[in-house]
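Asker: Now for the letters of each chain:
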Amino acid sequence: MTIPQTTLSSPEHRPHISRRALLKGSAAAVLAVGAAALPSAHDAAGEQPVPDTSSGPLRKGKVIDCHAHLTHRSRATWEADDCKLIEAADKLGIDQLCCSTLTPLRPATADGFRACNRWTADGMRRFHGRVLGYCYVNPGYSPEALEEIRRCVEEREFIGIKLYNEYTCTEPVVFPVVELAIELGVPILHHASHSHYFVEDQPRMSDGGHLAELARRYPEAMLICAHISGGGDWEWTIKALRHATNVLLDTSGSVTDEGTVDMAAAVVGVDRLVFGCDSSMTAGVGKIRGANLSTQDKQKILGGNMMRLLGRRKS
Amino acid sequence: MIVDVNAYLGHFAFRRLRHNTAAALLALMDAKKIDRAVVSSAGAITYRNAQTGNEDVAQEVRGHRDRLIPFAVINPFYAGWQDDLKICHEEFGITGLRLYPKWHNYQLSSPCCRELVNAATERGMVISIPIRVEDNRQRSWLLNIPDVPLEEIVGLVKTHQEARFILLNGIGYTGCPLGRKDNGLPPNYAIGLSRLSAVLANELGQLITNLGAGRVMFGTGMPFNYPDPALVKLEVLDASESDKERIRSQNATAWLRL
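Residue numbers (our numbering), protein chains in the order written: chain A, 1 to 315; chain B, 1001 to 1258.
The following block holds chain A by itself, in its conformation from the complex (with noise of 0.2 Å):
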C-alpha cells in the first residue's frame, strides 16, 4: 500500500506551547498566546520547592517524545489517528516522536511483528524527520525476531528495540536481543509496571527489579524503563532502578501524580531520565513542566539524554 506524504510533517510547525513554556513549568501561554512573559517566582513560604520559573538564555534543544504509538492498522481510522498523533505533537512543541506499532492481540506472531514494523517504517517516510522508529518484536521467536531487528536497524534506520510483555525481561530468550541490541549500539525500551497485585492479563509483566536485574546482567546494554507514569507504584519503580546506572526511566504515562519526575530526579540524576507521553500527550508535557528543575535539567530530560543515546548508535 502506497501512502501519500502528509503535509502535516513541516518542519516550520507552530506549536501552541513555546520551548520556553515547556522547559519553565508557565502558566504564562494559558494567559498569553505565545508565552512571551514568564511569571515571576514566588517563594514557597520555605516548606516546598515551588518550580523553576527563573529566567535566562535558552540553549536550542530538540524535544523528543522516546515513548510513542503509531496506530495499527487493523483500526480503520489508523491513518487519521497517526495525523492526530503529529498534530498533537505539533501543539505541544514536540519536536520528534519514537514510534513502534504493537499488535492488538498478544503474544505478537512473527508475521504479527514484522507487519507492524513495516507500518512502522512507512510512518517514518509519511512523517519524515518527525517519527522515529522502533523494532517491535517477540523474542519467542528468536530467529525471525533477531532478523527482523537486524533488518529494521541496520536497512531502515530504526532508531531502537521495543518490547512488550511476551517475556519478562530475565527470561533467558530475551537475551538473544538485548545482545544484538549492543553490538548495534541501539537502546530498548521495554515495557514495564509494578503493581502490589497479580496483573492476571500480563502475568510476565516486567518491572523496574527484573529491569535492574537484566542491567548487572548486561551493563553494556541501553535500556529504558517505560513509563514510570502510568506503571503502577512509580516510587517503587524509582527506587528499584537507583543503582541500574544503564537504566533510564521514560517519564510517560497518563498519572500525573506531583512529585514523580522530581523524585525521579533526585533518586536516579536528571541524566537517566527521558521525556515521553506514550499518547497521554498534555499529561507528558504537563508533568515535566511542573517539575522543579533547572532549565538545563528539563532540556536533559526533553531531548538531549535521548539523543545522547541515540549517538552511541553504531551502524
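There is no bait here: all hints are sound.
With a Cα cut of at most 30 Å, we get these calculated DSS-like pairs of lysine-lysine:
| # | chain 1 | residue 1 | chain 2 | residue 2 |
| --- | --- | --- | --- | --- |
| 1 | A | Lys62 | B | Lys1033 |
| 2 | A | Lys84 | B | Lys1181 |
| 3 | B | Lys1158 | B | Lys1244 |
| 4 | A | Lys62 | A | Lys84 |
| 5 | B | Lys1244 | A | Lys84 |
| 6 | A | Lys314 | A | Lys62 |
| 7 | B | Lys1102 | B | Lys1181 |
| 8 | B | Lys1158 | B | Lys1181 |
| 9 | B | Lys1086 | B | Lys1158 |
Negatives, chain A to chain B, calculated, CB over 10 Å:
| # | residue |
| --- | --- |
| 10 | Trp78 |
| 11 | Pro104 |
| 12 | Ala115 |
| 13 | His128 |
| 14 | Glu147 |
| 15 | Thr170 |
| 16 | Pro172 |
| 17 | Leu180 |
| 18 | Gly185 |
| 19 | Arg242 |
| 20 | His243 |
| 21 | Val267 |
| 22 | Val270 |
| 23 | Thr295 |
| 24 | Arg312 |
Hints are computed from structural coordinates only; laboratory data are not their basis. C-beta atoms are modelled at their ideal positions from N, C-alpha and C, and glycine is treated no differently.
Dock chain B against the given chain A, drawing on the hints supplied.
Answerer: Structure of chain B alone, referenced to chain A:
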C-alpha cells in the same frame, strides 16, 4: 482569572503530598497563576471520622478565604453526619461537599446518601464527586478501591434534579449518557477537566460540543497532581477564548457564587 475546583489540603494515607498546607498551596497557585481553589481534606478520604479532616481544613484556610474555598467531606453512613453537615455549613461557612462513595463504602443510591444530598441541596451546597483519588494500578496492598462507575452518577443526577454536582477526576464521559448530546439528563452537573484529553481523542472538545462550555470546569487535582497538565489542556484546546474563559473561571464563579 483561574479557579481550580479540584484541590486538596492535608495528608493522604498512601503517599506523601507536597504543597499540602495552605501556605504552600498558595505559593504553588501563585507560581501557576491560579487565583482561587476549592480545597477539601485529603486525610478525610481515609479517616473513619471525616469531620476531623474538615476541622483541619477549616482551620488551615482561616485567613485565606479570599483564595481557598473549603469543601467538606461527609460520610453519610457515619454517626452524626447531620451534625457535621450543620457545623461545616453554619460554623465553618463551607458551601460544598466532596463525596467518596467507594472509599467510604456506600452506594450513591442508598437512602442515607440521598438524605445527605437532599440536606446539602436544601442548604444550597454544591456536591463534588471525585470519580477516583489515584490510579488504581498503584494502589496499596491494603485495599482495592474502584472508580465510581459513571452509570451510578447518571442515576444520581436523575434522582436529584435540584442538586448541583461537579464530577472530578473522571474520564470516558462521552462513552456514557453523561457526556452525550441531548442525553435527557438534567443540566445539574459539571465536569472537571483534570483527566480529560485535549488532543488525540479530545474528550474535552467533545464535551464542549455535546454539553456546552458552561458544563466544563478547570481543575487540577493539586497537590495530588501536578497542576501543569490541566493548564496545558487549556492551552492546546481548540475552543474560543470566551469558552476557555468560562472553563477557566466563569462557570465555577457562577456555581460557587464567588
